[in-house]
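Hints given; two lone chains; assemble the complex.
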Amino acid sequence: MSARRVLGGAVLSLVTAMPLALVAQWQGYPTPRIPRTADGKVNLSAPAPKTADGRPDLNGIWLASRAVFDLRQAVKDIPLSTEGKAIFDQRQATQSKDDPSARCLPTGLPVRALLRTPFKIVEGPGTTAILYESGTRFRQVLTDGRPLPKEVDWAAWQGFSIGRWERDTFVITTGGFNGKAWLDQAGHPESDAMTITERFRRKDFGHMDMEMIIDDRKMYTRPWSINAEFLLQTDTELLEFICEENERDSAAIGTKP
Amino acid sequence: MAKLLSALIAVALSTAVVAAHHSFAAEYNANDQLTLVGTITKVEWTNPHTWFFIDVKDPQGHVVNWAIEGGAPTVLYREGWKPNSLKVGDQVTVTIALAKDKSKKQGNAYQVKLPDGRCVFAGSSGPGGTATDNCTPGRR
Numbered sequence: 025m026s027a028r029r030v031l032g033g034a035v036l037s038l039v040t041a042m043p044l045a046l047v048a049q050w051q052g053y054p055t056p057r058i059p060r061t062a063d064g065k066v067n068l069s070a071p072a073p074k075t076a077d078g079r080p081d082l083n084g085i086w087l088a089s090r091a092v093f094d095l096r097q098a099v100k101d102i103p104l105s106t107e108g109k110a111i112f113d114q115r116q117a118t119q120s121k122d123d124p125s126a127r128c129l130p131t132g133l134p135v136r137a138l139l140r141t142p143f144k145i146v147e148g149p150g151t152t153a154i155l156y157e158s159g160t161r162f163r164q165v166l167t168d169g170r171p172l173p174k175e176v177d178w179a180a181w182q183g184f185s186i187g188r189w190e191r192d193t194f195v196i197t198t199g200g201f202n203g204k205a206w207l208d209q210a211g212h213p214e215s216d217a218m219t220i221t222e223r224f225r226r227k228d229f230g231h232m233d234m235e236m237i238i239d240d241r242k243m244y245t246r247p248w249s250i251n252a253e254f255l256l257q258t259d260t261e262l263l264e265f266i267c268e269e270n271e272r273d274s275a276a277i278g279t280k281p
Numbered sequence: 031m032a033k034l035l036s037a038l039i040a041v042a043l044s045t046a047v048v049a050a051h052h053s054f055a056a057e058y059n060a061n062d063q064l065t066l067v068g069t070i071t072k073v074e075w076t077n078p079h080t081w082f083f084i085d086v087k088d089p090q091g092h093v094v095n096w097a098i099e100g101g102a103p104t105v106l107y108r109e110g111w112k113p114n115s116l117k118v119g120d121q122v123t124v125t126i127a128l129a130k131d132k133s134k135k136q137g138n139a140y141q142v143k144l145p146d147g148r149c150v151f152a153g154s155s156g157p158g159g160t161a162t163d164n165c166t167p168g169r170r
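Protein sequences appear in the order of chains A and B. Heads up: the first sequence is residues 25 to 281, going by our numbering. Heads up: the second sequence is residues 31 to 170, going by our numbering.
One or more of the hints may lead you astray.
Stated by the list, open to error - Distance condition first, Cα-Cα at most 35 Å in a straight line; then the derived DSBU-like pairs of lysine-lysine: (1) A:Lys-144 <-> B:Lys-112; (2) A:Lys-174 <-> A:Lys-109; (3) B:Lys-87 <-> B:Lys-130; (4) A:Lys-109 <-> B:Lys-132; (5) B:Lys-132 <-> A:Lys-144; (6) B:Lys-72 <-> A:Lys-144; (7) A:Lys-109 <-> B:Lys-117; (8) A:Lys-109 <-> A:Lys-74; (9) A:Lys-109 <-> B:Lys-130; (10) A:Lys-65 <-> B:Lys-112; (11) B:Lys-130 <-> A:Lys-204.
Derived from the structure by calculation, the hints contain no laboratory data.
Same shape as in the complex, but just chain B (with noise of 0.2 Å):
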């Protein structure tokens, strides 16, 4: 499972091109990074970066609530993806630029994966929505 881990992190690397979107460095580590398995309880589609929220168990048993910032909502539709493409209650796999502010809880998404097997590219720091080869575009 590490094993897995790592090398779905490896494909996440090689895939995302990080640029200085947005401050993207400022406030993300791009060479940090975490897959998170966990169920949505809020979804903000907004400018200019969509935003959701996610309950994930840590290995304690404990609920943490963890912020992950997505792409713009203008790209992310183009891509075709909704406003309510995500809803709460959905179990997300995503894999995460960690914020440098370790007292936060908060990620940028490289990708985000349904519980169908689809899914997309989802940082606002570079060309988005292309799928690596363990992943389906999402469309819906």
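With the rest of the complex left out, here is chain A (with noise of 0.2 Å):
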């Protein structure tokens, strides 16, 4: 055996061992093709970076700058319906106990995007998905144009969503929801007859504004807005989040099915 064929065989080695080794430390792993200062920290004002179509680019990896597991911490006045104020001070009564979440049912869309886990923006041709780690879930967000759909046979936890772009915000409509989520885990309602807006726009490289507008008629008396801001988050990765694995709550609190 040559020396080279060893040394050879040497690399090789260290290039399988390597991927490896980084695969157990994807927190840490600099996220490829952002800014940088010259110390290596991640230069989070600089500009928001562009597609090849010229439009913001919002893939990535985003958190709630603040967390907000009771929409009351963000929003001042939420118009609740007389119908929807029965059922969210029922659930105050009991103490959020009957919650999906803690049975590892579906959050409402507002929660889960204010929760201390973060989301993923992945932008394809035709569809941009949200990938959250809270529970490993997605939503497809269709953006070939399609309009929602008039009538649906099959409500769903996250309902339906397209997307569009106005200038620079994207702008996501979501209807057919079956109204079984929570909005948040305070309690507050949904219904089958919610529409959801999410307008998402990248200030720079590293923060995102949105508004989060809650039009449901029979759980709210007018269409109300949620603001948040979301920091990219580098060098990081989503990880698993099998909410099924270990749940002990429920039973605890005597609402397990």
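Spelled out as structure tokens, the structure:
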């Protein structure tokens, strides 16, 4: 065996060993293609990147700058209808014990965006995917120009989403909810009449604003908005979050189905 | 010592933002807190929340095993914790919100302090990862 071959073997094993070591350490692996200052820190106030067709590029991992579990933390006056208030009051009185998410069922879209777990936006042709770390769930936002379905014969926990650009703002409209999720852990309700509009605007490299408009005339007297800011998370990746793995709380509080 | 303990609890209370995460309020009483010193007997690094179990000696010398619920592993992981950060045999000091069901020896951890003084706000109910004044943030 020549020295060269041995060396080649050594290099090969280094090459195969390195990615393995890195696989175990995605937390801290530098995200490629992001502006950094001379000392290697991410320059979060650099200009927002653009896609090839000149639109703001929303790809990335995002985390709410402030975690919100109860929408009253973020919204001053939530205009509950009589029906909505009755449901909300009942959930408050029972300390949210029936929250579907405590049994690993989906959270409502507002609180899911505002949890302490990030989400990843992946823009593809015709579809923008939103991958949520919480519960390892995804949403697909169809951007091929189709309208929302006029009639929904099978309502969905997360509804049906379409997306379009309004200048530099990505606007997602979602309808066809089954009304079973809770908007937050406090118990703000949603119904099958709800439409949600999300307006995302990436201000600069590291900051993205969202306005989420809840329009649900059964549970609320008028449309109302939740405003939030998301911070780009770099040198990290989404982690697996299989909620069903060891969910003990619902048995403890007596709501296990 | 009692004074120190109450000061510690006061600090924990002031920094803990208690939200109804995962029906926290249905299961635990945020105003009923206790600090325990014990030895870890089992660790469950699992979703949706981590759990660990500690043997604690009561004043009569009887050993009681407590079940302690911690934060979501993904959140703790980003704080620098690893699945093997807590090991069976480690002695820890934990501040917990007690379970409402007093027949159980169970609590939700606000803070876990390791023997070397590092600690992490481990509560599953709040923003987490915030070290209190008398604690060094845990990173291991």
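Structure-based check of each hint:
Straight-line distance between C-alpha atoms of A:Lys-144 and B:Lys-112 comes to about 23 Å, which keeps the hinted pair within the 35 Å bound. Distance restraint check for A:Lys-174 and A:Lys-109: the Cα-Cα separation of roughly 29 Å lies within the 35 Å cut-off, and the hinted pair is therefore satisfied. Restraint check for B:Lys-87 and B:Lys-130: the C-alpha separation of about 21 Å stays at or below 35 Å, so the hint holds. A hinted pair counts as satisfied when its Cα atoms are at most 35 Å apart, and A:Lys-109 with B:Lys-132 qualifies at roughly 32 Å.
A C-alpha spacing of about 41 Å is found between B:Lys-132 and A:Lys-144, which places the hinted pair above 35 Å, so the restraint is violated. With a C-alpha separation of about 34 Å, the suggested pair B:Lys-72 and A:Lys-144 falls inside the 35 Å cut-off, and the hint holds. Pair hint A:Lys-109 plus B:Lys-117 does not hold up; C-alpha atoms about 47 Å apart against a cutoff of 35 Å. Under the criterion of a C-alpha separation no larger than 35 Å, the hint pairing A:Lys-109 with A:Lys-74 is inconsistent with the structure, at around 44 Å.
A C-alpha spacing of about 27 Å is found between A:Lys-109 and B:Lys-130, which places the hinted pair at or below 35 Å, so the restraint holds. Proximity of A:Lys-65 to B:Lys-112 is assessed by CA-CA distance (about 24 Å); at most 35 Å being required, the pair is judged to hold. For the suggested pair B:Lys-130 and A:Lys-204, the alpha carbons sit about 28 Å apart, so the restraint of at most 35 Å is met.
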